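For the record, the sequence lines run as chains A and B.
Position one of the first sequence corresponds to residue 1 (my numbering), numbered consecutively onward.
Position one of the second sequence corresponds to residue 1 (my numbering), numbered consecutively onward.
Derived by calculation from the structure, the hints in this document are not laboratory data.
Everything numeric in this text was worked out from a predicted model, so none of it was measured.
No false leads were mixed into what you were given.
Calculated cross-link-like contacts (lysine-lysine; reagent style PhoX-like; alpha-carbon spacing at most 25 angstroms):
| hint | chain 1 | residue 1 | chain 2 | residue 2 |
| --- | --- | --- | --- | --- |
| 1 | B | K81 | B | K55 |
| 2 | A | K98 | B | K145 |
| 3 | B | K79 | B | K92 |
| 4 | A | K54 | A | K35 |
| 5 | B | K87 | B | K19 |
| 6 | B | K55 | B | K79 |
| 7 | B | K199 | B | K277 |
| 8 | A | K54 | B | K220 |
| 9 | B | K96 | B | K220 |
| 10 | B | K199 | B | K254 |
| 11 | B | K28 | B | K79 |
| 12 | A | K54 | B | K273 |
| 13 | B | K277 | B | K220 |
| 14 | A | K98 | B | K129 |
| 15 | B | K163 | A | K98 |
| 16 | B | K72 | B | K28 |
| 17 | B | K129 | B | K142 |
| 18 | B | K220 | A | K35 |
| 19 | B | K61 | B | K28 |
| 20 | A | K35 | B | K163 |
| 21 | B | K106 | B | K117 |
| 22 | B | K117 | B | K129 |
| 23 | B | K254 | B | K279 |
| 24 | B | K277 | A | K54 |
| 25 | A | K98 | B | K150 |
| 26 | B | K106 | B | K279 |
| 27 | B | K220 | B | K106 |
| 28 | B | K81 | B | K57 |
| 29 | A | K35 | B | K117 |
| 30 | A | K35 | B | K273 |
| 31 | B | K79 | B | K61 |
| 32 | B | K279 | A | K54 |
| 33 | B | K96 | B | K61 |
| 34 | B | K57 | B | K19 |
| 35 | B | K79 | B | K57 |
| 36 | B | K163 | B | K150 |
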Amino acid sequence: MGLLSILRKLKSAPDQEVRILLLGLDNAGKTTLPKQLASEDISHITPTQGFNIKSVQSQGFKLNVWDIGRQRKIRPYWRNYFENTGILIYVMDSADRKRFEETGQELAELLEEEKLSCVPVLIFADKQDLLTAGPASEIAEGLNLRTIRDRVWQIQSCSALTGEGVQDGTNWVCKNVNAKKK
Amino acid sequence: MFISLWEFFYGHFFRFWMKWLLRQMTGKCELQRIFDTYVGAQRTHRIENSLTYSKNKVLQKATLVVQSEVDKCVEDIMKEKNINPEKDASFKICMKACLLQISGYKQLYLDVESVRKRPYDSDNLQHEKLLLKLWNLLMPTKKLKARISKQWADIGFQGDDPKTDFRGMGILGLINLVYFSENYTSEAHQILSRSNHPKLGYSYAIVGINLTEMAYSLLKSEALKFHLYNFVPGVPTMEHFHQFYCYLVYEFDKFWFEEKPESIMYFNMYREKFHEKIKGLLLDLKLNLVKDLLKGAALYE
Numbered sequence: 001m002g003l004l005s006i007l008r009k010l011k012s013a014p015d016q017e018v019r020i021l022l023l024g025l026d027n028a029g030k031t032t033l034p035k036q037l038a039s040e041d042i043s044h045i046t047p048t049q050g051f052n053i054k055s056v057q058s059q060g061f062k063l064n065v066w067d068i069g070r071q072r073k074i075r076p077y078w079r080n081y082f083e084n085t086g087i088l089i090y091v092m093d094s095a096d097r098k099r100f101e102e103t104g105q106e107l108a109e110l111l112e113e114e115k116l117s118c119v120p121v122l123i124f125a126d127k128q129d130l131l132t133a134g135p136a137s138e139i140a141e142g143l144n145l146r147t148i149r150d151r152v153w154q155i156q157s158c159s160a161l162t163g164e165g166v167q168d169g170t171n172w173v174c175k176n177v178n179a180k181k182k
Numbered sequence: 001m002f003i004s005l006w007e008f009f010y011g012h013f014f015r016f017w018m019k020w021l022l023r024q025m026t027g028k029c030e031l032q033r034i035f036d037t038y039v040g041a042q043r044t045h046r047i048e049n050s051l052t053y054s055k056n057k058v059l060q061k062a063t064l065v066v067q068s069e070v071d072k073c074v075e076d077i078m079k080e081k082n083i084n085p086e087k088d089a090s091f092k093i094c095m096k097a098c099l100l101q102i103s104g105y106k107q108l109y110l111d112v113e114s115v116r117k118r119p120y121d122s123d124n125l126q127h128e129k130l131l132l133k134l135w136n137l138l139m140p141t142k143k144l145k146a147r148i149s150k151q152w153a154d155i156g157f158q159g160d161d162p163k164t165d166f167r168g169m170g171i172l173g174l175i176n177l178v179y180f181s182e183n184y185t186s187e188a189h190q191i192l193s194r195s196n197h198p199k200l201g202y203s204y205a206i207v208g209i210n211l212t213e214m215a216y217s218l219l220k221s222e223a224l225k226f227h228l229y230n231f232v233p234g235v236p237t238m239e240h241f242h243q244f245y246c247y248l249v250y251e252f253d254k255f256w257f258e259e260k261p262e263s264i265m266y267f268n269m270y271r272e273k274f275h276e277k278i279k280g281l282l283l284d285l286k287l288n289l290v291k292d293l294l295k296g297a298a299l300y301e
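Turn these sequences into a full structure, and let the hints guide you.
This is the structure we're talking about:
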């Protein structure tokens, strides 16, 4: 083994890369969350066309977060991004009660995807900064989360806007990741 | 290292003596020499630099002047620099024009920023009217069945209520979309129908809002300065910002179909490429950007 390759190995050893898939309805906070995590400006966000990738270092992991837009035109492409997912993060707007049913359906469909089977799922009950936001317990009930048996899951209330709860969610991600090396 | 050393000496030492020497030779101050030599954005840009780096407080403050005090500011500069209005009659006019452009750019950013910060509000009748106007302009033959409707996706919004799509761009995003559809209706129809292309299609409204963000960030980073200094002889207004937005929409559509991306998923990559291209074009000080940048776009005939 040459010196260079030893050096390279030393350099790359500490970071295990994890591919994180961020999904959810439009306007849930999918783009804001990773930006908040990376302490970036969140005041100029526009709807995501296509996808964004953001890499965040946390607890010895390199989290590659894929945030995928959600327009009608994009839906057929979702599946192309399912492979090798370490953790699925599902983001929902806890204050948009009119869309609870829609968001529940969408989550259920995702959990049935073959390529995502057994992938741990974290549900971010986002927008807790809004007065009308429902508490995580109520949302877990409404989405029938207790019926999930084939994987580890967690619901975390948070506010992507203020950053509250985001770190707790990230800690859970690092603990439960099936550290896959890419 | 060498460059910063040079900059230090130049700023503190050489610049002063160079100016002194030139002043003795020509009998004119730096500002006058700039007016003699340059026009357009080059002139305004050089005047702005000369004022900013001046050690004289009156000159330094001139770049921060508000529009209503430009006349007085010009008088103060002339007094400070001993410029005789009879000997150099054009100085007053030229200086005023430059200061209006310099202060106007700063004011334009503040104006745009205040519109951007206003979120879309469904309880605001004007906002609602504007949204419906957008529908009617883009879809003159199709009636919107309800305010909350899946039909909004036909013009490229995400859900059944566009209000959440404006996000960080606030009402500015909607005003831009309406401005383009109203002033360049046939181009807007053409681009909307192209955006429904089965393979290369994109979401018209969402991309429009993304381009508002691009126009806004170019204004904020001062990348738009040369363009506006060349394009607008006096104070730039919101109207000029909207026009630049229209240019972006028109050019982006062209760019997108020329590049033929594999799918809409690569939007951000091509958006960045387009952004770089525009930044490059805007860097050119000498070109008359109005003619060159806008040539080809039937929009600006």
